[in-house]
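Novice: Protein sequences, first through last, are from chains A and B.
Position 100 of the first sequence, counted from 1, bears residue number 100 in my numbering, the numbering being contiguous throughout.
Position 37 of the second sequence, counted from 1, bears residue number 37 in my numbering, the numbering being contiguous throughout.
Hint data in this document are derived by calculation from the structure and do not stem from the laboratory.
Beta carbons: idealized from backbone N, C-alpha and C, even for Gly.
Treat the hints loosely; a few may be bogus.
Computed, partial: chain A to chain B, Cβ under 8 Å [said to hold, decoys possible]: (1) G53; (2) I54; (3) D132; (4) S199.
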Amino acid sequence: MRDVYIIGTGQTPIGELWGHSLKDLAVEATVKALYGTDKQAVDCLVVGNMCSGILASQESLGAFVADYAGLGPVEAVKVESACSSGGAAFREGYLRVASGTAERVLVVAVEKMSDLLPDSVSSSLALAADGDYENLHGTTFAALNALIMRRYMHENGYKCEDFAGFAINAHRNAVSNENAQFRRPVTSKDYANATIVASPINLLDSSSISDGAGAVLLSADPKDSGSARKVRVVGSAAATDTIAVATRKDPLWLSAAEISARRAFSQAGLEPGDIDLFELHDAFSIMATLSLEAAGFAPRGRGVRLAMEGEIVPNGKVPIATRGGLKARGHPVGATGVLQVLDAVAQLRGQAGGSQVPDARTAMTQNIGGSGASIYTHILVAED
Amino acid sequence: MELPRYHRLQGALYRLEGSRCNACGTLHFPARAVCPGCGGTEHLPHRFKGAGTLWSFSELYQLQRGHPKDIPHLVGIIQLDEGPRVLAQITDAEPEELSIGMRLEMVTRLIRSLGEDGLRIYGYKFRPVMEKNG
Ligand SMILES: [Zn+2]
Numbered sequence: 001m002r003d004v005y006i007i008g009t010g011q012t013p014i015g016e017l018w019g020h021s022l023k024d025l026a027v028e029a030t031v032k033a034l035y036g037t038d039k040q041a042v043d044c045l046v047v048g049n050m051c052s053g054i055l056a057s058q059e060s061l062g063a064f065v066a067d068y069a070g071l072g073p074v075e076a077v078k079v080e081s082a083c084s085s086g087g088a089a090f091r092e093g094y095l096r097v098a099s100g101t102a103e104r105v106l107v108v109a110v111e112k113m114s115d116l117l118p119d120s121v122s123s124s125l126a127l128a129a130d131g132d133y134e135n136l137h138g139t140t141f142a143a144l145n146a147l148i149m150r151r152y153m154h155e156n157g158y159k160c161e162d163f164a165g166f167a168i169n170a171h172r173n174a175v176s177n178e179n180a181q182f183r184r185p186v187t188s189k190d191y192a193n194a195t196i197v198a199s200p201i202n203l204l205d206s207s208s209i210s211d212g213a214g215a216v217l218l219s220a221d222p223k224d225s226g227s228a229r230k231v232r233v234v235g236s237a238a239a240t241d242t243i244a245v246a247t248r249k250d251p252l253w254l255s256a257a258e259i260s261a262r263r264a265f266s267q268a269g270l271e272p273g274d275i276d277l278f279e280l281h282d283a284f285s286i287m288a289t290l291s292l293e294a295a296g297f298a299p300r301g302r303g304v305r306l307a308m309e310g311e312i313v314p315n316g317k318v319p320i321a322t323r324g325g326l327k328a329r330g331h332p333v334g335a336t337g338v339l340q341v342l343d344a345v346a347q348l349r350g351q352a353g354g355s356q357v358p359d360a361r362t363a364m365t366q367n368i369g370g371s372g373a374s375i376y377t378h379i380l381v382a383e384d
Numbered sequence: 001m002e003l004p005r006y007h008r009l010q011g012a013l014y015r016l017e018g019s020r021c022n023a024c025g026t027l028h029f030p031a032r033a034v035c036p037g038c039g040g041t042e043h044l045p046h047r048f049k050g051a052g053t054l055w056s057f058s059e060l061y062q063l064q065r066g067h068p069k070d071i072p073h074l075v076g077i078i079q080l081d082e083g084p085r086v087l088a089q090i091t092d093a094e095p096e097e098l099s100i101g102m103r104l105e106m107v108t109r110l111i112r113s114l115g116e117d118g119l120r121i122y123g124y125k126f127r128p129v130m131e132k133n134g
């Protein structure tokens, strides 16, 4: 396998962007990532997206984005893996370059969610759960996470307010991110007063409805990076778990996170202690907790303690959601995996402004599909 | 219109029917064609008794389309006595009456009414086991 470098990056602002279509978002991110690059040099376009057919009335996104981004007749395909569609698309692009079947691959991940009313969006996203044995019974993803969170609190003796640190950190880090959806800090009082969505989960435990797109250009040639600091992908792995929470051997343990993290660490020759920042999948506070545990940053039942003890902030032991995470930067579901990579690249290039992690050299991203059914882990390093 | 889909689910929805692996004897809900434990591909239907304990629960304030909005919407994961866990709506209970570990039993109720065609879906829900007096 060859080394793979991230040589171009681009993204749109994240938010409820009434004036922008799925097409506008994908094209904007693509054009930015390709800036200064000859379009003819792109061998393949991989589009990450979860739900465009229902949310934006458009399928066939490979050809659709290639056409409107002016990349035709490039080979192009859409990759879907629920909320981890972006991570799956990034891995697809990585594998094509690493294997030598392509020199340069453009990965663009996009989701347009705000055209539909919230209950329709929620019903569309719920299609990623087990249709007959979860979705049919009316469970939204907030509900599935709530079932996990209540059991976690019961087994480990935590209270709701113990989770407040996740929202406080994410919102504080988003303040200096000009692309973030929610650029205002929140307090523990805000958290205590937040509306319950699905008990014990409240609004500040949850990511919201977002539109947005992110794109990266991958290449085997580090010289393509130009003057920007070189960022290499040193670990890429994925794993799956049962589609339904109830049938999982141990619903409080993200085994797909454990397996994919272990494989990515082993490929990179690194361990959790070497990671300077971790862009994890904080769609809900409990997912952040379980991700910290399964990926090896905290023992079982202790992930939430990192938040309680202030260790998840940019100068803490395990900085997470360093540019706002899914909660505050925003979570355009199928785009998130690539947005996590872009946040990591900004940190590794020292461009993260007010939430810069000091001397960041090694970053990990973890993108979760469904309630833990499909998990992608990537490790990036800065090279001089 | 998804009528055939719900027709296919009758066994599971009305009778809590799963499967038993012929090779290793493991009981599965929902029914499986391949046993995740031993890889066995021969299964017979197994009807679960519908008795178990509450593993976790949640009260939902934002519902999907097709669910009546005027009732408290409780969902739970139930640990069946026979082994598997099942996700279901909880009925005949107020949220404050629920606690992890309490005994529950299966009943058949209206799960949802879907869309403009008014298709009404019945199936399993779980309720607290009534305490016997005397
Ligand atoms: Zn078996």
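Novice: If you test the structure against every hint from before, which numbers come out violated?
Specialist: 1 and 2
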